[in-house]
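On the provided structure of chain A, position chain B as indicated by the hints.
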Amino acid sequence: MEVEQEKPSLENVQARQQEKQREGEVVIVEEEEEQQQQVEEGEENANVLQFMDSMDAYLTLIHSLSSTIRQGWLELASARHSMGASRVNTVLLDHKFHPAATTLLVTQDEGKVDSMKQHFTLCKWASSGNEKCSLGEAKSGQDKLHPQLRHRASSQLYEEKTSSEYKASHEVDDQVQKERSKSLSVFGTLVSPKLRAAQLSFETALETLVEIANTRSAVLCAFDKVNKKLGGSKG
Amino acid sequence: MYGFEAMTFNIHGGYLEAIVRGHRAGLLTAADYNNLCQCETLDDIKMHLSATEYGPYLQNEPSPLHTTTIVEKCTLKLVDEYKHMLCQATEPLSTFLEYITYGHMIDNVVLIVTGTLHERDVQELLEKCHPLGMFDSIATLAVAQNMRELYRLVLVDTPLAPYFSECITSEDLDDMNIEIMRNTLYKAYLEDFYKFCQKLGGATAEIMSDLLAFEADRRAVNITINSIGTELTRDDRRKLYSNFGLLYPYGHEELAVCEDIDQVVRAVMEKYPPYQSIFSKLSYGESQMLDKAFYEEEVKRLCLAFEQQFHYGVFFAYMRLREQEIRNLMWISECVAQNQKSRVHDSVVFIF
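Respectively, the protein sequence lines represent chains A and B. Under full-length UniProt numbering, the first sequence has 163 at position 163, and the numbering climbs by one with no breaks. Under full-length UniProt numbering, the second sequence has 19 at position 19, and the numbering climbs by one with no breaks.
Where hints are given, some of them may not hold.
Covered stretches of chain A, as calculated for chain B (at least 3 residues, CB under 8 angstroms) [unchecked claim]:
id: 1; stretch: 94 to 107
id: 2; stretch: 188 to 195
Capping the alpha-carbon separation at 27 angstroms, the derived lysine-lysine pairs in DSS-like fashion look like this [claimed, not checked]:
id: 3; chain 1: B; residue 1: K128; chain 2: A; residue 2: K96
id: 4; chain 1: B; residue 1: K239; chain 2: A; residue 2: K182
id: 5; chain 1: B; residue 1: K300; chain 2: B; residue 2: K281
Keep in mind that the hints were calculated from the coordinates and are not lab data. A virtual CB, placed ideally from N, CA and C, is assigned to each residue, including glycine.
The following block holds chain A by itself, in its conformation from the complex (with noise of 0.2 angstroms):
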């Protein structure tokens, strides 16, 4: 009788632990369900997030291109002003072919082959075979130098490496320099520094533009992720 009685409490235990297994497991899928959901909101929070602040660096970038170009425009006013009409006029810009003194490199993103979020790099001065996209390579490569010489024991080697960037630096500043003179020289080689100024000014908001273009490009990026989710969760 006890043997019998036992048989079906042996049963039972071997019941509820089998029904105790499988709460646990679904306790752990919940759980893990659970997990993955805030993972997931919290995905869509940083797709959200970031959208905006793409949006806002966009906006502001607009914002500083117009002003740009509306200080360039008076500047070139002011040099026509200073120099006289007969100095600054569109009919002393040269016909004759030259190669361009400024390149538009467009890229796809690196790493990820289906994307379509393409990169815009803009290189300076090409002309002259001394490209300025290069000099940012050259100048980000001593950046990353910068942090390892830091760590490293011999100072004098650390001044050495430095003076010589340096040199190199204003090498490439002087060769800059040489060709901004060169593309103002169509208005004469004694030029105001009026004009010298109105170059300046539509160099930066050509290098604004470029950089509204791969912030466009990173908006269009982060509205599609959101919106990816957005239609995913809908259906």
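Same frame as chain A, now just chain B:
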């Protein structure tokens, strides 16, 4: 004889002096400038100018107006007045009036040569030339490859011929050579005009010496500032300064070695009392306002020329004051067209 011009000047110059003083009364007043500075569009500017002597020149211009159109039509008025005076003038006033236009002639020559170097159409270039600087064979300038040909083919028969002796080379024309040619020609022209006025003597020599010396000094400062950071050597820079003026010769020596606008140019100019007032208006870093300061000083001296009678300086002063007025109208129009009316007073010089 100085002091006795009153006895003989009016025989040949009296009518034209009266004409030019009448023209001077037609210059825009402070009230006109106040109205113009408040305009919202270029059509408003045209409407305000219709009540002035520029009215007949602008009335037939269709909308939308452009800044260059306003400047062209206002310049036409100046040209008409000049031609009327020139055709009525006898020697030596007629030669004096012709001298006033040689600066524009030099600018036109350089415009055509530079435009041709840049493969521009000659007709297009001729349309942009200043009407006061036109001469018969100007279109032939496009044929020349170097300065020797420029002189031999075209300029030998023009009033600029004597100024070419210092810059004739067989080098091909390029941007640097053209710039040096421009400044060398202008230097020779100023020195020739100065000598001509000295020969005339009397009040004309006294007043014109002051005005031309100021012009020479201003050009020296502008050449110095514009050549900082360029390939122009110190010797070449020194050669472009005129051989007269308050800054000649010691100021020129110091300007020739200047490498910085604010510190060194200011240090040179502040040694000369007549120019201290110009630089006292500018604070450190305001070199961009230097042009306006020079124009204000020039206008002050030009207005003073009308305080004395029986001399030719009034004709030079009137032409320059009109050119300043046209520059003012150009600047006001640009500020209105670009919706930057807050910057109008950056470059407008009032003529009272």
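Going down the list of hints, with the structure as the test:
1. Counting residues of the stretch 94 to 107 of chain A whose C-beta lies closer than 8 angstroms to any C-beta of chain B gives 3; at least three are required, and the coverage claim holds.
2. Here the stretch 188 to 195 of chain A counts 7 residues with a CB under 8 angstroms from a CB of chain B, which clears the bar of 3, and the coverage holds.
3. This hinted pair checks out: B:K128 and A:K96 have alpha carbons roughly 20 angstroms apart, not beyond 27 angstroms.
4. Taking the CA atoms of B:K239 and A:K182, the gap is near 23 angstroms; set against the 27 angstroms cutoff, the hint holds.
5. Note on B:K300 and B:K281: the hinted pairing holds, with a Cα-Cα distance of about 15 angstroms set against a maximum of 27 angstroms.
Hint check: no violations occur; every hint is consistent with the structure.
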